[in-house]
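Generate coordinates for the entire structure from the input sequences, incorporating the hints supplied.
Those protein sequences? They're chains A and B, same order as listed. Numbering-wise (this note's numbering), the first sequence opens with residue 1383 and increments by one. Numbering-wise (this note's numbering), the second sequence opens with residue -2 and increments by one.
In case anyone wonders, no lab produced these hints; they're calculated from the structure.
Below 25 Å or equal to it, Euclidean Cα-Cα: the simulated DMTMM-like pairs (lysine to aspartate or glutamate) are:
1) B:Lys120 <-> B:Asp37
2) B:Lys52 <-> A:Asp1386
3) B:Lys52 <-> A:Glu1613
4) B:Lys175 <-> B:Asp190
5) A:Lys1531 <-> B:Asp95
6) B:Lys33 <-> B:Glu201
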Amino acid sequence: MNGDVVTTFNVFHEMPLSILIAVYFYMTGLSAGSFILSTMAYGFGMEKFKPIGRVGVVMAVVLLGLAPLNLIAELGQPLRFWYLFPYLNPASPITWGSFLLTLYPINCLIYGYFMFKGRPKLTRAFGLIGIPLALSVHGYTGFILALGKARALWNTALMPTYFLTSAMVSGIALMILVVMVRDRFFMPEKKINRGIVSTLVTMLLITIVFDLFLALSDVLILLTADTEAREAALLLLQGGFRPYFLGVEVGLGAVIPLALLLLPATRRQFKFIAAASVLVMFGILAMRYVVVIGGQTIPLS
Amino acid sequence: MSSSEAGTAIAAGVRYGMVVDLRRCTGCQACSVACKAEMDVPLGVFRTWVKQIEKGEYPFVSVSFLPSLCNQCEQPICLRNCPTRATYQLENGIVVVDPHRCIGCKYCIASCPYSVRYLSPLKKIAEKCEFCRHRLEDGLEPACVNTCPTGALVFGDLRDPDSNVSKVLKRNPVQVLKPDRATFPQVYYLAADSEAMEARGASEGQER
Chain A
1383 MNGDVVTTFN VFHEMPLSIL IAVYFYMTGL SAGSFILSTM AYGFGMEKFK
1433 PIGRVGVVMA VVLLGLAPLN LIAELGQPLR FWYLFPYLNP ASPITWGSFL
1483 LTLYPINCLI YGYFMFKGRP KLTRAFGLIG IPLALSVHGY TGFILALGKA
1533 RALWNTALMP TYFLTSAMVS GIALMILVVM VRDRFFMPEK KINRGIVSTL
1583 VTMLLITIVF DLFLALSDVL ILLTADTEAR EAALLLLQGG FRPYFLGVEV
1633 GLGAVIPLAL LLLPATRRQF KFIAAASVLV MFGILAMRYV VVIGGQTIPL
1683 S
Chain B
-2 MSSSEAGTAI AAGVRYGMVV DLRRCTGCQA CSVACKAEMD VPLGVFRTWV
48 KQIEKGEYPF VSVSFLPSLC NQCEQPICLR NCPTRATYQL ENGIVVVDPH
98 RCIGCKYCIA SCPYSVRYLS PLKKIAEKCE FCRHRLEDGL EPACVNTCPT
148 GALVFGDLRD PDSNVSKVLK RNPVQVLKPD RATFPQVYYL AADSEAMEAR
198 GASEGQER
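Right, here's the structure in full:
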């Protein structure tokens, strides 16, 4: 090629999906993670998870009550949101979401109601029904992006798994913080339950490592797949999204928390566990931002 | 050309398509202007436009054009992803949006590999090139085709072997944009420059 190619005229395209979508993905992820932790005790009967059973379902309901508001605010025609039900399209992942986002919170409410009423059998039943719902409600958001096939960063079969894993990571981190705050400030003993916290820390370590593995696989394959995919990978590794991906998502959100939770000097101290959990939550928020906004910054025309 | 690989074609009837003959395009943007006027396209958005690139070093320079519009795909991802079925395909292959059905979720805009849809800044619904279906119903050609001063836009029925578009397709090597996306575009390009066909992003002064 002799000389550079200069684009002398081409039109600008507004980014279709805003940051509200990233926030929505973040909130459903937190909700699904909290719910699954809650069912460890009340669905699967694992006694050591008992201290987070109730607070887990409360967080799941609150977060999922708020999350869909982001979606409605994102619509060009918010008052037409109900069209999603009568005019549904079974091929569209947004339609799957319309029903999941209705069924899942209802199930959460019933599950929570029986839990607080002290009806263990019914609690268990609705807890077990809720598990596939919680997995679907976050898994489908991965399909939304993966089926938005124009965007190289989205169009990967890894996306639903990547989203589910990051949901568990952020859900566990949230639960650690919630348990610490509750025990420290709102319980008569003012003493943090070390047993449940260390169980959650172990789970957090495992999920962070798996999440990092998925991020690594994703970027490695993108780098070599095709021209657009390579451009997407370079955007995360060298381009404008390097600070959010390498800096916040991988560095602050995974590597530093791993160090804090593994090093003998810090791993037994609640303040470092709390710091690690806060960092993890920011890391996953950055991951949602990188995927949703980063995916749309690469021009298509 | 009428039998698309996608296999959803209806045996009889019209299937509209277009060939953009870049040997004839002068980059005059008359098609963009005609479209704006015909469809009352709001400021800042386009249903069709001519991308223009320059390459080489003086005195060996060249300019290439690429009129861009909806490809009226045989397998439109916008249609598959639309959660309210506001986007649908007419029997003649044209992909259209029902303005009363669209909720403005923008998923179609995000999914389209060609960035030829936009959210109307006025109506807050998705809009796109519909091959001027109202003009077709009256037996007229789309406004861009009608206005093109050099005849670079060849429009017609891909299933009619005697139509201009079929003849041009039969006699010339053609390409489509992003064939790897499995969308089976029905807007074909003749003598297009590969670097003009690549995604290039907005030109200077177009970014907001």
